[in-house]
Amino acid sequence: MTVAVDFKNVDIVFGPDTRDALAMVDKGATRSEILEQTGNVLGCAGANLTVNEGEISVLMGLSGSGKSTLLRAVNRLNIVSRGQVMVKNGDGMVDVVSCDEATLRQLRQHQVAMVFQQFGLLPWRTVEENVGLGLELAGVPESERKARVDKQLKLVNLDPWAKKYAHELSGGMQQRVGLARAFATEAPILLMDEPFSALDPLIRTKLQDELLQLQKTLKKTIIFVSHDLEEALKIGSTITIMEGGRIVQSGPPEDIVLKPANDYVREFISNVNPLSVLTAWNVMRDRRDLETTDDGWIWLDRRKTTRFKIDSHGLVAAAERDGKPAVWISCADVERQPDEVSQVFWATPGTSLKTVMLAMHRSQTAPVALFDDQSRFVGAIGIRDVLSAVLRR
Amino acid sequence: MDPVSNFLVAWKIPVGLWGKAFFTFLTDNFNSVFRGFSNGLNTLLDGIVNLLLMMPPVVVVLLIALLAWWLQRSKVLAIGVLLSLLFIINQGLWKQTVQTLVLVVAAAAASMAIGVPLGIWAAHKPKVYKIMLPVLDLMQTLPTFVYLIPVLTLFGLGNAPGLIVTIIFVIPTAVRLTHLGVTSVPKAIIEAGEAFGATKRQLLWKVELPAALPTIMAGLTQCIMLSLSMVVFAALIGAGGLGTEINRALGSRKIDLGLEAGLAIVVLAIVLDRMTRIGVGGKK
Numbered sequence: 006m007t008v009a010v011d012f013k014n015v016d017i018v019f020g021p022d023t024r025d026a027l028a029m030v031d032k033g034a035t036r037s038e039i040l041e042q043t044g045n046v047l048g049c050a051g052a053n054l055t056v057n058e059g060e061i062s063v064l065m066g067l068s069g070s071g072k073s074t075l076l077r078a079v080n081r082l083n084i085v086s087r088g089q090v091m092v093k094n095g096d097g098m099v100d101v102v103s104c105d106e107a108t109l110r111q112l113r114q115h116q117v118a119m120v121f122q123q124f125g126l127l128p129w130r131t132v133e134e135n136v137g138l139g140l141e142l143a144g145v146p147e148s149e150r151k152a153r154v155d156k157q158l159k160l161v162n163l164d165p166w167a168k169k170y171a172h173e174l175s176g177g178m179q180q181r182v183g184l185a186r187a188f189a190t191e192a193p194i195l196l197m198d199e200p201f202s203a204l205d206p207l208i209r210t211k212l213q214d215e216l217l218q219l220q221k222t223l224k225k226t227i228i229f230v231s232h233d234l235e236e237a238l239k240i241g242s243t244i245t246i247m248e249g250g251r252i253v254q255s256g257p258p259e260d261i262v263l264k265p266a267n268d269y270v271r272e273f274i275s276n277v278n279p280l281s282v283l284t285a286w287n288v289m290r291d292r293r294d295l296e297t298t299d300d301g302w303i304w305l306d307r308r309k310t311t312r313f314k315i316d317s318h319g320l321v322a323a324a325e326r327d328g329k330p331a332v333w334i335s336c337a338d339v340e341r342q343p344d345e346v347s348q349v350f351w352a353t354p355g356t357s358l359k360t361v362m363l364a365m366h367r368s369q370t371a372p373v374a375l376f377d378d379q380s381r382f383v384g385a386i387g388i389r390d391v392l393s394a395v396l397r398r
Numbered sequence: 011m012d013p014v015s016n017f018l019v020a021w022k023i024p025v026g027l028w029g030k031a032f033f034t035f036l037t038d039n040f041n042s043v044f045r046g047f048s049n050g051l052n053t054l055l056d057g058i059v060n061l062l063l064m065m066p067p068v069v070v071v072l073l074i075a076l077l078a079w080w081l082q083r084s085k086v087l088a089i090g091v092l093l094s095l096l097f098i099i100n101q102g103l104w105k106q107t108v109q110t111l112v113l114v115v116a117a118a119a120a121s122m123a124i125g126v127p128l129g130i131w132a133a134h135k136p137k138v139y140k141i142m143l144p145v146l147d148l149m150q151t152l153p154t155f156v157y158l159i160p161v162l163t164l165f166g167l168g169n170a171p172g173l174i175v176t177i178i179f180v181i182p183t184a185v186r187l188t189h190l191g192v193t194s195v196p197k198a199i200i201e202a203g204e205a206f207g208a209t210k211r212q213l214l215w216k217v218e219l220p221a222a223l224p225t226i227m228a229g230l231t232q233c234i235m236l237s238l239s240m241v242v243f244a245a246l247i248g249a250g251g252l253g254t255e256i257n258r259a260l261g262s263r264k265i266d267l268g269l270e271a272g273l274a275i276v277v278l279a280i281v282l283d284r285m286t287r288i289g290v291g292g293k294k
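In the order they appear, the protein sequences are chains A and B. Heads up: the first sequence is residues 6 to 398, going by our numbering. Heads up: the second sequence is residues 11 to 294, going by our numbering.
Just so you know, the hints here were simulated from the structure itself, not pulled from any lab data. Be careful, since some hints might not be right.
[Claimed, not checked] One-sided excerpt, in silico: chain A residues whose CB lies under 7 Å from chain B:
no., residue
1, Asn80
2, Leu82
3, Arg110
4, Arg113
5, Gln114
6, Met119
7, Gln123
8, Gly125
9, Leu127
10, Trp129
11, Leu138
12, Gly139
13, Leu142
From the three backbone atoms N, C-alpha and C, an ideal C-beta is built for every residue, glycine too.
Extracted from the complex, chain B is given alone in its bound form (with noise of 0.2 Å):
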């Protein structure tokens, strides 16, 4: 090798030691706050799943029908949503789509409730959303795996690391979206709404946030489906589901088994879809 190479192989600067030794830090100072989050989430996320199972499938199957009816009047889909999950059923993976779907819109919920806020602040301030924006980009391209091992040591195994793991993956879309949503806010809008004397609450309330609404509904939407497509690398670190099926699946190379969870993702993928696109091009 030319000197130069030799030079720079020979100072080698440790980021991943440093990296290591953070984590370390924080397993060894840290390791009960970690664990009893991680204990504490596990037991609500179970508690839920297993009150969803407690009740007979087909009910719940009516009542999620039911839901979409009441969010979209429409009976078509409300007619979908009941055979979708009903061939769910039918291809014995019931017990596996409900904690996937807990999962999902667990993650879901929690990084539009982190997300959009930070959103809402980023696109009030142009400096913050500078700052913030290398941070969306590494926490959106950083390979999963990379984080799954941190995430493994804090915080053990199961269904909290995997939500965890998801919404590190799907905030950043849910920033992004709000961001895009409330600064394309015409500007004309905006001034009428300080015309007439808004407080910087009212503006945000009356104004910027109506006005932003179908871009952050299209940003919710995008986070169930990334969500899903995070359900596989959520499964290698404890969490249940229909991602355990699929893992399994390619562990045995079972085609048949695979191709069901996948499909159960892709149905569920799509009624989560239908249901939630609110304000998209649709009523107004």
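Next up, chain A with everything else stripped away, as it sits in the complex (with noise of 0.2 Å):
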């Protein structure tokens, strides 16, 4: 995988004078005693965070947690006051804090583009006329301008309101004119400052979903920042939560769910339902944690009540539920199936954990087999590994 951006110990302190400010932050004071000491703002200490091509990345914390201090580094909107943060440009990296200012408005034109909270349209302007704003800049000609501009609303589905001024539009248009101004300059780096908080939740999920289907396509590199954790578990990759200015835990989703660094990170996760994180992957017991037997059974789950027979291939060869044979059955037919007594579902490691869920309740609380893409047995899901991962515990 390829490095996309990469924050390197980075520190924004916003001031006048920063050095004892600064000096603060290496004995890791928080935020209110730099403030209290020496006037200066924490923005953010200490960041160390990769993000990856191709990955949707997101900040997330309170409001005031140094998220989009962070984020705006990547294309110096702040200063950084130490550290380095790296950004691909072409098939080197150049370093935003340091670098000069044609490097950075280079930068600024082709390589990171930026969707912002209030969207940020010229009021002045068409709706073609702001798509168009950062070719305009970078200098494209009109004509190649033009045809840019049009596919792009094309892609977000505004080419009937180009000649439209952005503020004849609802709150939902106007973010997918600031989407299309963003995805117009190619930039393959895409900053994404809480771009639907500002809509009603209903128009919220309609765009989480529309960027989602973008990005199938488009594959960007995109930095999101939000404060609603749903949004960040629905669309991040990675998620990195802040708090005070620093960055207190980095992971995928899952992880943030399951495993959360601290009590902060817990009281976050507290209102989410797990449900729409988790999947069977994240809940089961590894093949090799299992239980076996002599004889080549391996036991599903710690009542013993359901075992698989293992081939040297990993595939299943017979299947026991209750000391009868059974037949092993995809989760995914699980509304589908007559109620008989032996059955043993099966999901994929990426099945979701309610559908692991599901197939238990019509299975009378029996086991559920993981297997790989050539059929292989993995692993298992009781009862017990999925009422922890749900209580948390």
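Combine the two chains into a complex, taking the hints into account.
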């Protein structure tokens, strides 16, 4: 995987003289201590984060946690006091903190585009003129600009509105213009600063879906700031949680939900429905952790109700439920199965926990087996695994 | 008087004398420069006035009405302008009105040409604005008569000193409203410009100025109105036009003449105001 953006020990302090504040940062002082003693505002301290190409990295935190501050360091809307922010520029990496104005402009015009919370559209320009802003600033000739703008407008279904003024559109539409403007420059890196927070919930969900849909084909590197964990879990491939200017945890969404690093994160996830995040893979017990018998059977559950016999290829050769032979059936078909007793459901690692629970429900709390793409047995989920994941114990 | 007051009076700071010495220095050393400038300006202004007066008044009125329609795309306004100016011809004040019109338009244009760049500069450099502020206050509040005298000694009589006095009074408005317009551009759209890689110049022309345009245009309207209010003072130092008529009416206590010329100024003010109201609340 190629690195697109790399934050290295980034400190951001707002104030005319930041030396004392940085010394305090080194001693691990909190934001309020620094403000009290130096009058400087700590934006972000000791941030280390690597964002790989093509991923959606979400920065999460309450307001004032420094998530926007860190994001805005990528295109130097915020000045970094200390540290490096490496951004992929063609084949090499450029340190945004120390690069000259010309390089910065080139990055902003061609490598890093941005979507703003309050849209940041120019009200005296039409939709197409707004979308073309980045291209215009980069000096793209008019004819080419028009073609690229038209393409972007079609992409976000705004082409009938091209001649309208931005303020004539609804909030959701305005943010589509903001998205189109960012896509139009064809910059591979996209910064999104709470882009959907100003929208009502239905429109927000819709735009999230659209973004994910677009991302499938565009494969941008997206750094996305959000204060809404549901949103972060939905769109993020990595989630980074910040508190008081410092990163407290960074990892895939399931990790955040299953292994919160501290009480702050725990508080954050307390209202999140784990069923919307977790997959079978997150809760299963690995095949190697399961109990085996001397004659080659593997018990799928701790209560020893269900067992598989696995052949040398890792495939299931026989199944037994409550001492009687059983058939194994995919969870995907759980709705269509007649109520026979001797069924063992199986799932793939990506199956949602919700589907697994449904299968358990249909099979009188029998364990669910997990197969990989080649139908090899990889692990099993018992009722206890599900309960502990849902209750986070 | 008490001793303190006596002391103060005895040691009067010669502000007036210093000022006088400064202006005497200017007249003694740069008289030809000032007079040359003044003569050139007078010739230019008189030339424009004469050109307009050479044409039949009705033609000029029609041209102005056409301009009004072109600026605002409003038939009602064009007809209004036409009728207003015909009323002025009817009152026998056409020549004076043309003189005033040229002076006012020139003053407003010059004030904007100087004031807008200053305003932009001040908006970008808060420190500059801090220094500028007391000067602007001085220009706006110093009684006109006070600087009428030195301007008169430096530039002599005529349209040119009238223009200069008017510009001194009007520029602060252009500076202030431009400053207000540029500083109140929402941060979000400035950042949008920056984030997409705008240079300082692009940011100014493509983001800041268009965003500040309504306020700057309000500044233009204000400049024209304030220039008109200076017409009577400018007339005192030899600028012709409606102001001269009013001064004459005052001197000879002619109520009718004063009323006619005063009304002509009001009509001119309304016409110019409506014609220059671009982007203020109207079309976007």
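Okay, the hints, checked on the actual structure:
no., hint, result
1, Asn80, "holds (6 Å)"
2, Leu82, "holds (6 Å)"
3, Arg110, "holds (5 Å)"
4, Arg113, "holds (3 Å)"
5, Gln114, "holds (4 Å)"
6, Met119, "holds (4 Å)"
7, Gln123, "holds (5 Å)"
8, Gly125, "holds (3 Å)"
9, Leu127, "holds (6 Å)"
10, Trp129, "holds (5 Å)"
11, Leu138, "holds (6 Å)"
12, Gly139, "holds (4 Å)"
13, Leu142, "holds (5 Å)"
Violated hints are absent here; each numbered hint is respected by the structure.
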